[in-house]
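Asks: Protein chains in written order, with our numbering: chain E, 1 to 295; chain C, 1 to 130; chain V, 1 to 233.
Some hints could be false.
[Claimed, not checked] Calculated pairs, DSS-like style, for lysine-lysine (alpha carbon to alpha carbon, straight line, at most 25 Å): (1) C:K9 with C:K86; (2) C:K33 with V:K221; (3) V:K68 with E:K204; (4) V:K173 with C:K53; (5) V:K221 with E:K7; (6) V:K68 with E:K289; (7) C:K53 with C:K72; (8) V:K97 with E:K202; (9) V:K97 with E:K87; (10) E:K87 with V:K134; (11) V:K97 with E:K4; (12) V:K221 with C:K9; (13) V:K68 with E:K4; (14) E:K87 with V:K127.
Derived from the structure by calculation, the hints contain no laboratory data.
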Amino acid sequence: MLGKLIKHDFNSLSRVLLPTQLAILGAAILGTIGFAINFRADYSNVQASGFINLIRLLTGLMSGIMVLAIIAATVLVAFIIFQRFYKNLMCSEGYLTFTLPVTTSEILWSKLITAMLWTIISGVVIFIGINIFVLFGTGESTFVNTQAYSELGRALHEVNLTLGARVIWPILEFILLMIVGTASQILQIYLALIIGGIVSQKHKILASIGFYFVINIAVCIISTIMQYFLTGSMVNTFNSFNGVTFGENDALAAYNYVFGAMQPYFWCYFAFTLAITAAYFLLSRYFLKNKLNLE
Amino acid sequence: MAWEFSNDKPIYVQVSDQIVSGILTGTFKMGEKLPSVREFAVIAAVNPNTVQKALSELESVGLIETQRNTGKYVTQEGSIIDMARKKRGELLAVEFLKSMAALGYTSEETIRLLEEAKNGEGMSDERTDA
Amino acid sequence: MSELTLECRGLSKYFGTNPALHNLSISLPAGKIIGLLGPNGSGKTTLIKLACGLLTPTEGEIRVCGFKPGIESKALVSYLPERTYLPDWMTVIECVKFFQDFYADFDYERAVSMLQSLQVPANARMKTLSKGTKEKVQLVLVMSRRARLYLLDEPIGGVDPAARDYILGTILKNYSEEATVLISTHLIADVEKILDEFIFIQNGQLVSYASTDSLREDLGKSIDQYFREVFRC
Chain E
1 MLGKLIKHDF
11 NSLSRVLLPT
21 QLAILGAAIL
31 GTIGFAINFR
41 ADYSNVQASG
51 FINLIRLLTG
61 LMSGIMVLAI
71 IAATVLVAFI
81 IFQRFYKNLM
91 CSEGYLTFTL
101 PVTTSEILWS
111 KLITAMLWTI
121 ISGVVIFIGI
131 NIFVLFGTGE
141 STFVNTQAYS
151 ELGRALHEVN
161 LTLGARVIWP
171 ILEFILLMIV
181 GTASQILQIY
191 LALIIGGIVS
201 QKHKILASIG
211 FYFVINIAVC
221 IISTIMQYFL
231 TGSMVNTFNS
241 FNGVTFGEND
251 ALAAYNYVFG
261 AMQPYFWCYF
271 AFTLAITAAY
281 FLLSRYFLKN
291 KLNLE
Chain C
1 MAWEFSNDKP
11 IYVQVSDQIV
21 SGILTGTFKM
31 GEKLPSVREF
41 AVIAAVNPNT
51 VQKALSELES
61 VGLIETQRNT
71 GKYVTQEGSI
81 IDMARKKRGE
91 LLAVEFLKSM
101 AALGYTSEET
111 IRLLEEAKNG
121 EGMSDERTDA
Chain V
1 MSELTLECRG
11 LSKYFGTNPA
21 LHNLSISLPA
31 GKIIGLLGPN
41 GSGKTTLIKL
51 ACGLLTPTEG
61 EIRVCGFKPG
71 IESKALVSYL
81 PERTYLPDWM
91 TVIECVKFFQ
101 DFYADFDYER
111 AVSMLQSLQV
121 PANARMKTLS
131 KGTKEKVQLV
141 LVMSRRARLY
151 LLDEPIGGVD
161 PAARDYILGT
171 ILKNYSEEAT
181 VLISTHLIAD
191 VEKILDEFIF
201 IQNGQLVSYA
211 STDSLREDLG
221 KSIDQYFREV
231 FRC
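Chain E extracted, bound-state conformation (with noise of 0.2 Å):
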């Protein structure tokens, strides 16, 4: 039942989403091509004209409305995401969703697993559009701008050439934290939406936003609380690296050293967001089962 609680969760999102990416890529498009002309044309030769002047400002618009336009459609994409949850769940949709045949668990499930999915597809092509401005907008004399790429592909193979495969750990660590932060962003305005859904029925947004905040006061105190234990040893870390020297090439054991020492702090801070994220999800399905009254 979860795959299809997903699969049509997907497509109801993906209906409305799915131009929005194709206006990221049309933008990215266009602003490429006016930064393109403004960054390759010799102004220098060229007499002040209104014409030139227009054109620059037109290629100037062009690469200004692709930044916004990148910054809406993201907007655009949070925003959906959390309206159909809202409509799907805490109104006259809801007479539905919960008399299906599946769990709460599950329909937060999909919830969860749809939203993220389409938080890394916008992301991704946010990412393609990047790199078609980078490789076609800025080359300076040539169309394609392969001289970034090649220094890029250059500055990896030295950080693979000193550090190896070991270079994994770090970045798997980085991907494992962005998942399950955003998992807890999502989950945790989503828990907002259920309580001030509930709490309130007249003001059903306004209560949401209120115990959105409600929920970030209290989970800064929480976190602040362990910060505070965790502070202690952290300086006793940082004064033990007072005094180690480590030899000009021996970037290895540098980072050896350093990475190792860090490891303890990250996986506290893992095993917190890890820890809030689970809270938020066990709330969320403690209030839609036992509290919500869909009226």
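Start from chain E and add chains C and V according to the hints.
Replies: Structure of chains C and V alone, referenced to chain E:
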């Protein structure tokens, strides 16, 4: 069209009566196959259990018989139908006399009225078209 | 062998201090069409929502075919709420496929043929349909399931007489000996002929539970008349 029902008698009794009327007037002919319980329920717009009860009643007096695997049929026995007709007629007669008595007519006056109606103008054929 | 499709034992539901249902005990058998009748605010909708799993009891127990409200019971219950609840943006045929996807007991052909006979365009978005047509679509979806318990909340309210006949006819055509149909309504006179039994509920408490026939045989009254007596203002 849904059948009409009054409020004072159980609906299954009224359904039963309506089916008997149908048999007596020829809407359901002798030996004819009756609609299924479900079909009856939809035609009359009543509960299938009610229809079932009504049909069981009629079965117990022999007006209807069930043939296994094919359904319910009006009886072929003309004598049973005649009995039913007689009973229904007697009932109507008694009720009619009662109604007229309530209006203040004696039985004799009532009978005389009937004679006049039979011989007088505006006499319509009382037999309904089969 | 008549299984009990709905069982309530000492069922209570409080919203804060407000007792929407109080100590309700009742058992509904399969194969019957039952009316859930009572004045506004008597607890009819609360009882239905509890049976659907949309609310959790404060006290007592409720079971559908032996299951506590959960995914097994939801697969056995077909619920028609009073309001329109299908997503606006879906087309009629998308809603049909949705039901087919989630409910194993859904009869796709039946739904399609009912919609055709009602002349509802399959590719119309729900948003574009009139209120009456939306309600018809919902009724078709609910009645195209081979469920064990049908919960119909005001299925004929706000609908013209011809549509009323059609809806009642659909309920009768769909009748099954293994299912219970519970109809909550104000329009008692319209619905009375198809009811086997009826429940009177007031202030969250059970007032009567009897059969239509016994009421007429014993008291010579229709449910409508009896209702007016019992709930006289």
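Asks: Now tell me if each hint is right for this structure.
Replies: Verification of the hints:
no. : hint              : verdict
1   : C:K9 with C:K86   : holds, 22 Å
2   : C:K33 with V:K221 : violated, 34 Å
3   : V:K68 with E:K204 : violated, 31 Å
4   : V:K173 with C:K53 : holds, 18 Å
5   : V:K221 with E:K7  : violated, 54 Å
6   : V:K68 with E:K289 : holds, 14 Å
7   : C:K53 with C:K72  : holds, 13 Å
8   : V:K97 with E:K202 : violated, 34 Å
9   : V:K97 with E:K87  : holds, 20 Å
10  : E:K87 with V:K134 : holds, 18 Å
11  : V:K97 with E:K4   : holds, 12 Å
12  : V:K221 with C:K9  : holds, 8 Å
13  : V:K68 with E:K4   : holds, 24 Å
14  : E:K87 with V:K127 : holds, 15 Å
Taken one by one, the earlier hints fail for this structure at numbers 2, 3, 5 and 8, listed in ascending order.
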